[in-house]
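Please model the complete structure; the sequences and the hints are all you need to start from.
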Amino acid sequence: ELVEATKEIPRPIPDGEFKLVALGEDPSRGVKIGTGLPDLARKQLKACLRENADLFAWSAAEMPGLDPE
Numbered sequence: 021e022l023v024e025a026t027k028e029i030p031r032p033i034p035d036g037e038f039k040l041v042a043l044g045e046d047p048s049r050g051v052k053i054g055t056g057l058p059d060l061a062r063k064q065l066k067a068c069l070r071e072n073a074d075l076f077a078w079s080a081a082e083m084p085g086l087d088p089e
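When we follow my numbering, the leftmost residue of the sequence shown carries the number 21, and every step to the right adds one.
Rather than coming from a laboratory, the hints here were simulated on the basis of the structure.
Fair warning: this is a prediction, and the values are worked out from it, not measured in the lab.
Think about it this way: if two alpha-carbon atoms lie no more than 20 Å apart in a straight line, the pair counts; the simulated SDA-like pairs of lysine to any residue are:
(1) Lys66 to Arg49
(2) Lys52 to Ile33
(3) Lys63 to Val41
(4) Lys39 to Arg70
(5) Lys52 to Glu37
(6) Lys63 to Gly50
(7) Lys52 to Trp78
(8) Lys52 to Gln64
(9) Lys39 to Leu69
(10) Lys39 to Ala67
(11) Lys52 to Leu75
(12) Lys39 to Arg49
(13) Lys39 to Gly54
(14) Lys52 to Val41
(15) Lys66 to Thr55
(16) Lys52 to Leu65
(17) Lys39 to Gly50
(18) Lys39 to Pro58
(19) Lys63 to Leu43
(20) Lys63 to Glu45
(21) Lys39 to Gly56
(22) Lys39 to Asp59
(23) Lys39 to Trp78
(24) Lys39 to Arg62
(25) Lys52 to Phe38
(26) Lys52 to Ala77
(27) Lys66 to Val51
(28) Lys52 to Lys66
(29) Lys66 to Gly36
The structure is reproduced here in structure tokens:
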């Protein structure tokens with residue numbers, strides 16, 4: 021059981037071009053979104069991400085229960 025639990029799960033590979041979207045005044049706090057999204061979807065996604073930027077953990081210190089060291 022332990023062997024099965026430690027197997028590496030393949031990660032999805034992003035497809036296409038991406039653009040960094042800043043989620044505040046700090047340029048290091050941003051996410052990448054696909055440039056292939058339709059305009060309306062991209063605008064809505066950017067607005068949603070920026071509106072909820074305070075929900076992201078940008079460092080280990082911001083993750084409750086995780087030792088920042």
